[in-house]
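Each residue of the sequence shown is one higher than the one before, counting from 1 in the UniProt record's numbering.
Don't read these hints as lab results, they were simulated from the structure.
Take these hints with a grain of salt, some might be off.
Derived DSS-like pairs: lysine-lysine, alpha-carbon spacing no greater than 27 Å straight-line [what the hints assert, rightly or not]:
1. K293 / K602
2. K267 / K716
3. K616 / K716
4. K664 / K646
5. K1032 / K1059
6. K494 / K484
7. K669 / K1111
8. K932 / K547
9. K1021 / K123
10. K646 / K669
11. K932 / K806
12. K1111 / K664
13. K98 / K147
14. K147 / K616
15. K501 / K616
16. K98 / K126
17. K484 / K267
18. K1021 / K1032
19. K664 / K147
20. K1166 / K1176
21. K1111 / K1059
22. K646 / K668
23. K1059 / K126
24. K616 / K525
25. K616 / K494
26. K293 / K195
27. K668 / K1111
28. K602 / K494
29. K91 / K126
30. K1200 / K1136
31. K616 / K602
32. K293 / K501
33. K547 / K484
34. K501 / K484
35. K147 / K1176
36. K147 / K669
37. K602 / K646
38. K267 / K293
39. K98 / K123
Just so it is clear, the structure is predicted and the values come from calculations on it, not from any experiment.
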Amino acid sequence: MKQEEDASPEADFCLGAALQSWGLQLTEQHSQSTMLIGIVIGALLALALIGITIFFVYRRVNRFPFLAHVSEPDFGQVQPTPQYRFRKRDKVMFYGRKIMRKVTTLPHTLVGSTAPPRQRMRKRTKVLSLAKRILRFKKEYPTLQPKEPPPSLLEADLTEFDVKNSHLPSEVLYMLKNVRVLGHFEKPLFLELCKHMVFVQLLEGEHVFQPGEPDTSIYVVQDGRLEVCIQDTDGTEVAVKEVLAGDSVHSLLSILDVITGHTAPYKTVSARAAAPSTVLRLPAVAFQGVFEKYPETLARVVQIIMVRLQRVTFLALHNYLGLTTELFNPESQAIPLVSVASVAAGKTKRQACCGSEDRLERPLRPPESCDPADRGGSRAAASGPLLKRSQSFPLPSVREEILDELGKAQAGDQAPFAPPGSTAGATSELRMACDRARVLLHAEERPESAMASKAKKNVVVADAPSAVFHYAETNSDETVSSRKTDAIFRAAKKDLLTLMKLDDPSLLDGRVTLLHVPGGTVVSKQGDQDMNILFVVSGLLHVYQRKIDSEEDTCLFVVRPGEMVGQLAVLTGEPLIFTIKANRDCSFLSISKAHFYEIMRKQPTVVLGVAHTVVKRVSSFVRQIDFALDWMEVEAGRAVYRQGDKSDCTYIVLSGRLRSVIRKDDGKKRLAGEYGRGDLIGVVETLTHQARATTVHAVRDSELAKLPTGALTSIKRRYPQVVTRLIHLLGEKILGSLQQGTVTGHQFGLHTAGSKWDSGNPASNLSTVAIMPVSEDVPLTAFALELKHALSAIGPILLLTSDNIKQRLGSAALDSIHEYRLSSWLGQQEDIHRIVLYQADSTLTPWTQRCVRQADCVLIVGLGEQEPTVGELERMLESTAVRAQKQLVLLHREDGPAPSRTVEWLNMRSWCSGHLHLCCPRRVFSRRSMPKLVEMYQRVFQRPPDRHSDFSRLARVLTGNAIALVLGGGGARGCAQVGIIRALTECGIPVDMVGGTSIGAFMGALYSEERNYSQIRIRAKQWAEDMTSMVKTVLDLTYPITSMFSGAGFNSSICSVFKDRQIEDLWIPYFTITTDITASAMRVHTDGSLWRYVRASMSLSGYMPPLCDPKDGHLLMDGGYINNLPADVARSMGAKVVIAIDVGSQDETDLTNYGDALSGWWLLWKRWNPLATKVKVLNMAEIQTRLAYVCCVRQLEMVKNSEY
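Given the sequences, and given the hints that come with them, work out the whole structure.
And the structure:
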């Protein structure tokens, strides 16, 4: 037994050894057979490759038999060349170039060839193509060089208001810097005012002025610190303003009281020294002496004070704080109508007079009766029939101004910049006041014979059926009723003379109209530009104002007989800030704006009485806040405040442009935003009591209104409803920041993902645009007129040239001595026009420098058909710190080639914020003389602008009204986007910007390149048919390590559509979205190779490999993974309206709840069993797809819920 037991292990061991050796033999035999099979396959492949090569070489030789018959001497003697030893790649390149040279000279050396020229060219092309394929030559396309903005764009000047380096005394500079109204005086007048300045030394706690003292001075702090306090109703004092060195304490309304002779003491306002201080005091009485010596300046100064009241005080308190009735004094300011009362108490009874009026009025009423709701109630203030002013003075139309804008000045114009006190100086001041009020006066006087009272009077009907009749001068015979009306009319004019303090009664002859309106008539609407002065004779006029963020109107005050209304709008030229309605029958005298300024030309002091009526209507609360509000001017490059400063006030932009820059922790600066007219700055930090988050500096000379924190706190305590309005403003700022998010984008930008120019829309709210040529060949005048024509559809536009300025303002207008007056006049033009165009000269003249200094944006205009170059004017301006953004505009002919070489234009310039291609009509390039050009554009301006033209697109871009078309991804469903483009074309909707993702990127690129629906449809159809080729799909298959397809076939299909087109060369600004899987971020592409970034945006994971960005080598995938509908990107690039087309699939959300675990066998049974209940469970591919698109779905929901 033991032997058997010992033998069994040995047998087992032998059996295992045998099995092991047998396994090794099998493995070795298998490896050998595998190796033999590989060798055989490799040999067969090598033989096949050799055979194919021999076949193609033999075929190629047989196709060119004529090469063997070429005589050797025709090629000339070939000198022996030295032998070199090459590396393999150098050898291939050497022989490749040698072959290319021989092929290039081949057609010229052929002898006896009978082939036609076209056939020879075809053969040559084939040889070149073959050589390129063999050697794989690739054309290198120029790429946009990333450039950062110059330091002047993002940095404020380090020097503040420099007093030491000025030639004027410090006290004079402080006075000029702070008291804004004094800057409108000529230098001799201002220096004469400064003679009355006195110094006041104050100790800490000592009062500058207290309640009860006369309010007759302007105070400027030279050193130290003051506190301005307001006494509340309970007797407590609240500090509303802290006055530091260089700041001032004054109220222009108080100065106006002194000028008009109605000096009043301080009632609730006081100022005391918070530290030992030196204060400059300028008595307001000094103004009276200046006005007596130079009476022509009176109207201008009073107008500036009224403008400050409306644009600074009312703008801040009403538009931003929501105050309405708190701004006006509802108490009656009427004067007794002595003359009218005497007529009413005459022999003729009042009832007979009323009956006579009724008889006259009856036939003038409209056939339909007024709605009873229009006769009362605050909500119906603007719903009644509107009174049309038949006597309003017409302003020159845009078409009539073309001659002026091209240098055709009106005859008889005098230069406004003349020595003070002269006749020309008086004309200058009056003309500037008239320009500010938008009034055009005739140069010649009215003939006195026309104003004589010999003509008979009667009641006539206005041209428009406005249910109004007015009393005017005619030659009809007198009637009983007209004699009564004539008596009332004369008596009312006498009372009006008393109120306006007119010395000569004849000044009203022919300039006053008596009107009667029935109840329910809206005399003037809020926002009307052309307003009359109304003097109520009988009845009442109710004044309403629309509440902020509400459709309701509130009654401000009631105008009773003996009171005037509308005088503020007439003096300032600003739009009417309230609505005037007659809730019952009312009669009043009306003086048009033009007639009032005619009166003022003959008696300038009339403006004092009218202005005093405005001041009396202002509430005491406004008088208090007027001490706290400041009207400040900031020079270009100066910082309003810096990052980290204490937030002690809020600013409102009145004119000019400001830029906000934030400094990161690493020291880099980034643009946070730009602000134009009417924007509110620093409100978030002020309300939250945080330090300044950014640095804000002036892009150009700007005017700001400053509202201190103390004044804001006082207003909140007095009117708690202001807090609601402030919360609304704060919420708008926060929501605006959230909606903008972290998207990198700017106005048609040249930015990269790391660009500092990341402001959202810096081109919004532009007021001034300078136009500068690249060369003298640019038709700049025609371009400026075309742009003006396109902008005229958006608002009032003014085009200024150097010749225009000299003929309007005099040949000395551009001299340095008149610089401030010219700046003031240009500022007025900005106030009354939506955009002012500055056409620069072709050389660096003072006017060109002024254009650049005044500009919010500079358009550099070049010809796209010329060689890319930099103009001499641009080179000269490179040395100056131009803070305005620059846009490159390239002009192209209608029948010319498509844009190209845009990258070279851009790379030659230091920095541009954007570029545009304009396809111009033929008239732009026509060579006409100036008179013929004027005549042609007079006809052009009679037609409305074409909204689909490229000039209209430029106009919408400059005014912030751009329309963007955003096309989302969705695979084959994206073909429906062609129909969307067709629908937009048929509906006449223009598109100014195009963006897309995935298939939307492809369709959007077609639209940006073609702009023609029929061509887009044809090219899209050809590409779709090419994509359905099964052969190309199979040939593109590869071993699926990274993707199923190599991508070569897909690349060739897209490249065949777009060729070598660059994104910069597209007609319409375009962007596409990709997913950067290297940096795990979204990429917005606005420059570079078009087909590459379209292909990258269409690269689905698993199907196509990621595309390597030629700029930085990052891997780019389908943009649908991160933002399938980039409407937010278009919004951040400046689009006001975004048309977003979503063709993505709707995910199934009604899925089966299978519990905590899922069996694949159960799911398989459910799907295969026809009798089982169907279940909805995602497979692995669907789960991966949904995971990939999680970010995209969230972004899509945000777009759908956004306001734009």
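Hint numbers not upheld by this structure, sorted from lowest to highest: 8, 9, 13, 14, 17, 33, 35, 37, 38
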